[in-house]
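Participant: Work the whole structure out from these sequences, hints included.
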Amino acid sequence: MSVIGILQLLVTSSLMYSAPLIFTAIAGAFSERSGVVNIGLEGIMVMGAFSSAIFNIMFFDTFGNSTPWIAMVFGGIVGLLFSLLHAIATINLRADHVVSGTALNLLAPGLSVFLVRVIYGRAQTGPLKRSFGITSFPILKDIPVIGKIFFTSVTPLGYLGILTGILGWFVLFKTPFGLRLRAVGEHPVAAESVGINVYMYKYAGVLISGFLGGVGGAIQAQAIVNEFGVLTVSGQGFMAMAAMIFGKWNPIGVTFAAIFFGFAQSLSRVGHYIPIIQNVPTIYLQILPYVLTIIILVAFLGKSESPKALGKPYIKSK
Amino acid sequence: MVEVKTDSLLKKLSVPLLAVLFGFLVGAIVMLVFGYNPIDAYSHMIIDVFANPYSIGEALTQATLLVFTGLAFDIANKAGFFNIGLSGQFLIGWLSTIIFALQFPDLPRIALVPLSLIAGTLGGALYAGIAGFLRAYFGTSEVIVTIMLNHTILQISNYLTNFVIGTSSRTEKVSENASLSLEWLTEVTNYSRLNIGFFIAIVAVVVYWFFMKYTTTGFEIKAVGLNPDASRYAGMSDKKNIILSMLISGGLAGLGGAINGLGTFGNLFVLGALPNEGFNGIAVALLGLGNPIGIVLSAFLFGVLNTGASFMSSRAGVPDEMAVIVTASIVFFVGAYYLVEWIFEKIGYRRAQGPHSTETEGGTEQ
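From first to last, the protein sequence lines are chains V and D.
Residue numbering for the first sequence follows our numbering, beginning at 1 and increasing consecutively.
Residue numbering for the second sequence follows our numbering, beginning at 1001 and increasing consecutively.
Take these hints with a grain of salt, some might be off.
[Unchecked claim] Under the rule of at most 30 angstroms between Cα atoms (straight-line distance), these lysine-lysine pairs were calculated in the BS3-like manner:
(1) V/K129 x V/K141
(2) D/K1239 x V/K248
(3) V/K174 x V/K316
(4) D/K1011 x V/K312
(5) D/K1213 x V/K312
(6) D/K1346 x V/K316
(7) D/K1011 x V/K316
(8) D/K1011 x D/K1240
(9) D/K1346 x D/K1012
(10) V/K312 x D/K1239
(11) D/K1213 x D/K1173
(12) D/K1240 x V/K308
(13) D/K1012 x V/K316
(14) D/K1213 x D/K1239
(15) V/K312 x D/K1012
(16) D/K1222 x D/K1012
(17) D/K1012 x V/K248
(18) D/K1346 x V/K312
(19) D/K1239 x D/K1222
(20) D/K1011 x D/K1222
(21) V/K312 x D/K1173
(22) D/K1346 x D/K1011
(23) V/K308 x V/K248
(24) V/K308 x D/K1222
(25) V/K312 x D/K1240
(26) V/K248 x V/K316
(27) D/K1240 x D/K1222
(28) V/K308 x D/K1239
(29) V/K174 x V/K248
(30) V/K148 x V/K129
Source of the hints: derived by calculation from the structure; they are not laboratory data.
Facilitator: Encoded structure:
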């Protein structure tokens, strides 16, 4: 395989595997910036993956080729509704954020597989009707070398994720809404004293997180696995959380971290095509993303600065 | 640390009891929505388990494992740690025990059983110790580290089972000398998989209770969890206690995995996902409110639920994931204990502490 061929393979598969992580990691950043720990991202992804898969199978005849995109938005909406549970528990009912998130993570696989059994009589949906395909970007693909590596036969989802990261950064750091959301996560008392509705912004953070996490799950189901079962989402939500920390809760940093994890994940899938690492036993490549996460956290982020009021319940003053 | 704060025994007990009630209600509502009969389903799920000695034995086998993961979660939680890596520690315990037992099949039973169990315990302890060490010396989030360790050991265990210690997705059964089964126990429960592990669990509960209540180390672990700064000021080493609590936590989870390996299955096979016992252990410990008796009772409840789930699907036609939905809902309601306080407030069960006594100043930690 030529050098360009190898690079193309690496870029395509990295973008593919990072797409769900990018969306879900940005999701985590929104929730945690508002002060709510969202360990339930894994569960939210499961619900997004589940609902998009069902939508994909049921409405392919109606929507044709645009089905995966509409199903992705549907997955996002279901993720948003599911995250409402987390919002109510942590914001109104003062639940420990990690416990509530753990409950979501337990609930999602149980509920979704229960429903799949109710609908299909078995534990998996079977292949979807139309998965996200690959595209070549017009004009961009004709750029010498770069066009072939980055813009030919790739998933557009990775680029959509990068755009979402930039948009997320803009919203969080350049708009009044973002400033207030961050204020609520750093110092809710001060925020309230200047008239910010703390609960509303926390809800906004969690629900945006639910939507993006649901989208991440929908991408996992429709672009990578192409069906839904209990193993469709297996740890991606947790890896997205690691990416969120690695990216220091900044959507752009988080996006790069997610791409890095996507790259690490893709190595175990495409490693045997790549001359330098093809003789490395797969097990090392399989555990690489996880071990790398730990090493990165220890080496670079010993004292990472999370939002100050993260994980603390806020009780509205009367 | 996750802690439920209430001010009387009745209120204290009301949180887990109402959480269980609400959990079953959520399950019932889901069943009604999808056209199942919840009363029929629940009666198969619970009553059928007690209808024959075999399923009681199976429920106790499950409960045994959950006692270990429940205690494991609890001690880490008391030290201020959220050990979400129980599944991985359980699995490495299972793996180490099987490796040891397969390596020395001819040792006499009196030596092979305890040594294999110790191998599993050590495996779990050291694995969790990694997370404790990193948290103590580098401040790394134990939540992320243990989650990553979970996925790492799942891959490693499956790889070893496929290519090194086993063939075609499973290992050989361990020798008779490593078996945990007791003839009379097996017979009395109509050939269920209930084994010596059950008695080890009882001993573990008593030792755990004594350790946490009457030893200096147990006290220090609790103190560090409640207030690390004050404990450091009082001359306790928070680093030492963090690592120690994770070693004990992982050791308990590993012992659970070891008993699962020798007692329940007798071998190791390729797993599609992390063992449920880990995550259910979190549910058990939270529902048990960090009390050893509470943990035993909730382990039994979940043991019955998990065993009954198959009766529910075979006899009432309700998919057995219903048990997971109920479990998750219970955890949710235990977490949202303020709901219970709020209900008490609304129905007027309040002490004469003046109005809004549960309201603290905005932004302070509850």
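Participant: Need the status of pair V/K308, D/K1239: alpha-carbon distance at most 30 angstroms?
Facilitator: Between V/K308 and D/K1239 the Cα gap is close to 23 angstroms, so the pair holds against 30 angstroms.
Participant: Can the restraint linking D/K1346 and V/K316 be considered satisfied, given a maximum Cα separation of 30 angstroms?
Facilitator: holds (18 angstroms)
Participant: With a cut-off of 30 angstroms on the C-alpha distance, tell me whether V/K248 and V/K316 pass.
Facilitator: Since the Cα atoms of V/K248 and V/K316 sit roughly 28 angstroms apart, the hinted pair holds (cutoff 30 angstroms).
Participant: Holds or violated: V/K312 and D/K1173, Cα atoms, limit 30 angstroms.
Facilitator: violated (49 angstroms)
Participant: Holds or violated: are the alpha carbons of V/K129 and V/K141 at most 30 angstroms from each other?
Facilitator: holds (28 angstroms)
Participant: Are the Cα positions of D/K1240 and V/K308 separated by 30 angstroms at most?
Facilitator: holds (26 angstroms)
Participant: Hint check: D/K1239 vs D/K1222, CA-CA at most 30 angstroms. Holds or violated?
Facilitator: Holds: D/K1239 and D/K1222 sit about 13 angstroms apart, inside 30 angstroms.
Participant: D/K1011 and D/K1222 were given as a pair; does the straight-line alpha-carbon distance stay at or below 30 angstroms?
Facilitator: holds (23 angstroms)
Participant: Going straight from one Cα to the other, do V/K312 and D/K1239 come out at no more than 30 angstroms?
Facilitator: Within the cut-off at roughly 24 angstroms; holds.
Participant: Do the alpha carbons of D/K1213 and V/K312 lie within 30 angstroms of each other, as the hint requires?
Facilitator: holds (29 angstroms)
Participant: Compare the distance between the alpha carbons of D/K1213 and D/K1173 with 30 angstroms, and conclude whether the hinted pair is satisfied.
Facilitator: violated (40 angstroms)
Participant: Are D/K1011 and V/K316 close enough, with their CA atoms no more than 30 angstroms apart?
Facilitator: Roughly 24 angstroms separates the two Cα atoms, so the pair holds.
In this structure, the earlier hints numbered 8, 11, 17 and 21 are contradicted, and the remaining ones agree with it.
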